Amino acid sequence: MADNSSDPVVLWQKMVGEMEKGLNAFANQTMSSPEFSKAMNQAGGVSAGAQKQFGEFMEKYLLSMNLPSRAQLVGMAERLQNIEGQLNEIKAVLQQMNAGTATSGFGAPRPPRTKRPPSGPPSSGERK
Amino acid sequence: MNALAGLDLASIPERIQSEVQRAIQRSIKGAEYFSTSGPTLGSTPKDIIHARGTMNLYHYRPLSDEVYRVPVLIVMATTNRGYILDMVPGQSFIEFLLKRGYDVYMLDWTPPRPEEKSLGMEHYVLDFIPDCVRHVQQDSGEQDISVIGYCFGGVLSLLYGSIFNDGPMKNLICFTTPIDFRELKLFSNFSDRRYFDVDRLVDSVGNVPPEIILSSFEMLRPASRVTSQVQLWENIWNDEYVKSYRMFDRWATDTLPLAGEYFRSITKDLMWDNKLFNDTMTVGGRKADIASIKVPILHAVAEHDHIVPYEAAKHLIAKVGSQDKEEVMLKGGHVSLVAGANAVKRLWPKLDSWLGGRSI
Numbered sequence: 001m002a003d004n005s006s007d008p009v010v011l012w013q014k015m016v017g018e019m020e021k022g023l024n025a026f027a028n029q030t031m032s033s034p035e036f037s038k039a040m041n042q043a044g045g046v047s048a049g050a051q052k053q054f055g056e057f058m059e060k061y062l063l064s065m066n067l068p069s070r071a072q073l074v075g076m077a078e079r080l081q082n083i084e085g086q087l088n089e090i091k092a093v094l095q096q097m098n099a100g101t102a103t104s105g106f107g108a109p110r111p112p113r114t115k116r117p118p119s120g121p122p123s124s125g126e127r128k
Numbered sequence: 001m002n003a004l005a006g007l008d009l010a011s012i013p014e015r016i017q018s019e020v021q022r023a024i025q026r027s028i029k030g031a032e033y034f035s036t037s038g039p040t041l042g043s044t045p046k047d048i049i050h051a052r053g054t055m056n057l058y059h060y061r062p063l064s065d066e067v068y069r070v071p072v073l074i075v076m077a078t079t080n081r082g083y084i085l086d087m088v089p090g091q092s093f094i095e096f097l098l099k100r101g102y103d104v105y106m107l108d109w110t111p112p113r114p115e116e117k118s119l120g121m122e123h124y125v126l127d128f129i130p131d132c133v134r135h136v137q138q139d140s141g142e143q144d145i146s147v148i149g150y151c152f153g154g155v156l157s158l159l160y161g162s163i164f165n166d167g168p169m170k171n172l173i174c175f176t177t178p179i180d181f182r183e184l185k186l187f188s189n190f191s192d193r194r195y196f197d198v199d200r201l202v203d204s205v206g207n208v209p210p211e212i213i214l215s216s217f218e219m220l221r222p223a224s225r226v227t228s229q230v231q232l233w234e235n236i237w238n239d240e241y242v243k244s245y246r247m248f249d250r251w252a253t254d255t256l257p258l259a260g261e262y263f264r265s266i267t268k269d270l271m272w273d274n275k276l277f278n279d280t281m282t283v284g285g286r287k288a289d290i291a292s293i294k295v296p297i298l299h300a301v302a303e304h305d306h307i308v309p310y311e312a313a314k315h316l317i318a319k320v321g322s323q324d325k326e327e328v329m330l331k332g333g334h335v336s337l338v339a340g341a342n343a344v345k346r347l348w349p350k351l352d353s354w355l356g357g358r359s360i
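Read top to bottom, the protein sequences are chains B and Y. Here the working numbering is used: the first residue of the first sequence is 1, the next is one more, and so on. Here the working numbering is used: the first residue of the second sequence is 1, the next is one more, and so on.
Keep in mind that the hints were calculated from the coordinates and are not lab data. It should be emphasised that the depicted structure is a prediction, and the values quoted were computed from it without experimental measurement. Hints may contain errors.
List time: in silico SDA-like cross-link candidates among lysine to any residue, alpha-carbon distance up to 25 angstroms [what the hints assert, rightly or not]:
(1) B:Lys-14 with Y:Ala-223
(2) B:Lys-14 with Y:Gln-17
(3) B:Lys-38 with Y:Glu-261
(4) B:Lys-14 with Y:Tyr-245
(5) Y:Lys-345 with Y:Met-329
(6) Y:Lys-314 with B:Asn-24
(7) B:Lys-14 with Y:Arg-15
(8) B:Lys-14 with Y:Lys-314
Over the 12 angstroms line for every Cβ pair with chain Y, so calculated as not near, a few chain B residues [unchecked claim]:
(9) Val-16
(10) Met-58
(11) Lys-60
(12) Tyr-61
(13) Leu-62
(14) Leu-63
(15) Ser-64
(16) Met-65
(17) Pro-68
(18) Gln-81
(19) Met-97
C-beta atoms are modelled at their ideal positions from N, C-alpha and C, and glycine is treated no differently.
Make the full structure from the sequences, and use the hints.
And the structure:
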């Protein structure tokens, strides 16, 4: 095998790999501290609170503009989902009805459930 | 200096020429990269045989002349899409199983809608999985079922198996499944009960956005995002590397939101109180003690798993009540254990040799 220990490209790749490992290890060590958790969750809590307040404000704003609210759109989406679900059920029934003529997918003839493993049934027991 | 001393001077012109060619290829392929989409994923032919809310049940069309009697139901992790197990032909776990004669179903998840924020652990374990099991039984005509759970799909499968321990699950296979949540060190610290107000978060946002889930995964290896971009640029002349990068990158960033109550339960019951490990877990008022699982079980863990380290997964086999149980540790990480070139050589043949004899 060729010795590529002096190849600048290989050296660069090794350096990137080592840098990645080092930075990840350092970051993991930092993030393991309770102080990090406290700071992260304080920042996250502020952000979540602000998001909630903004959402409430937007809801009022949309109402004043005579635009549908999120709840109304969600309701509409739910009705569409129900319609889609019913269409899927109709589709499944139609496919089952066409079972005799189909060549693949729903209704296609299934292979027999007769397969045996090449080496026979296993021996049981705890292994680690 | 030492490096220079070992330098083969005669090879320098050849090396420069090769690097110049690669630089040109990088420019061409780099332009291609941004102007094309990645490979089509999850393309093994399948039918949706049942869909309800955040749940989809697929049946994959058989690829062999005969199949094993016992069908296989794969339960995906709720944070990620199921196509990680069905990447591209030749690198698809699903395709592998089909060709080896298994009848394969998958319980995959879609993003919960805002009004589904009230879905809790009991909906997943006592409703969605049993509902899918019933559909698999109906569709296959078989009562027995083998269940494969990946990551948190493994946790859900364990909870299901411990509550419905009198059947119809015949075999259980878990991939990288944590049960000691204290050992998910960084996740534990991020969700430290002294500082993390899960109630406030869930009450504010409803469903937990995918950005939060993705960020918490990426924070486990914060430098890797940048270095993977550097490595992509270096290897952008290599079509196979780029294809693989795009597949995994797309999947890793395609994170799902989590239903609010479900997230609250994971945080309080598993992250804070470690109830699965402490044998105190209940779901919808029903005790879920994994010692009550008696079916044959295989647990595959990855040697270099940074998401579910071995310490978090190692007690599973000791705790289940099965006589026929096996843990196998394979080289690789959390994702490369189940997908990609390494999985083709390591996990998949192991799983086939274990499951085949137990599927008749």
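Evaluation of the provided hints:
1. In summary, the hint linking B:Lys-14 to Y:Ala-223 is supported, as the alpha carbons are separated by about 15 angstroms, within the 25 angstroms threshold.
2. As the CA atoms of B:Lys-14 and Y:Gln-17 are separated by approximately 22 angstroms, the hinted pair is consistent with the 25 angstroms bound.
3. About 23 angstroms separates the Cα atoms of B:Lys-38 and Y:Glu-261, which keeps this hinted pair within 25 angstroms; it holds.
4. Taken as a hint, the B:Lys-14 and Y:Tyr-245 pair is honoured in the structure, with Cα atoms around 19 angstroms apart against an allowance of 25 angstroms.
5. Between Y:Lys-345 and Y:Met-329 the CA atoms are separated by roughly 14 angstroms; this keeps the pair inside 25 angstroms, and the hint holds.
6. Pair hint Y:Lys-314 plus B:Asn-24 holds up; C-alpha atoms about 24 angstroms apart against a cutoff of 25 angstroms.
7. This hinted pair checks out: B:Lys-14 and Y:Arg-15 have alpha carbons roughly 18 angstroms apart, not beyond 25 angstroms.
8. Taking the CA atoms of B:Lys-14 and Y:Lys-314, the gap is near 32 angstroms; set against the 25 angstroms cutoff, the hint is violated.
9. For B:Val-16, the requirement that its beta carbon stay farther than 12 angstroms from each beta carbon of chain Y is not met, with the minimum near 6 angstroms.
10. With a minimum CB-CB distance of about 14 angstroms to chain Y, B:Met-58 clears the 12 angstroms threshold, and the non-interface call stands.
11. Look at B:Lys-60: its CB is around 17 angstroms from the nearest CB on chain Y, clear of 12 angstroms, so calling it non-interface holds up.
12. At roughly 19 angstroms, the least C-beta separation between B:Tyr-61 and chain Y is larger than 12 angstroms, which holds for a residue marked as non-interface.
13. Distance check on B:Leu-62: its Cβ is at least 15 angstroms (rounded) from any Cβ of chain Y, clearing the 12 angstroms threshold; non-interface status holds.
14. Here B:Leu-63 stays apart from chain Y, with its beta-carbon at least about 18 angstroms from theirs, past the 12 angstroms limit.
15. For B:Ser-64, the non-interface assignment is confirmed: its Cβ lies about 22 angstroms from the closest Cβ of chain Y, beyond the 12 angstroms cut-off.
16. Separation of B:Met-65 from chain Y is adequate, the least Cβ-Cβ distance of about 21 angstroms exceeding the 12 angstroms criterion.
17. Separation of B:Pro-68 from chain Y is adequate, the least Cβ-Cβ distance of about 14 angstroms exceeding the 12 angstroms criterion.
18. Consistency note on B:Gln-81: stated as away from chain Y, yet its beta-carbon is not over 12 angstroms from all of that chain's, at 8 angstroms minimum.
19. With 12 angstroms as the threshold on Cβ separation, the claim that B:Met-97 sits away from chain Y holds: the shortest Cβ distance comes to roughly 15 angstroms.
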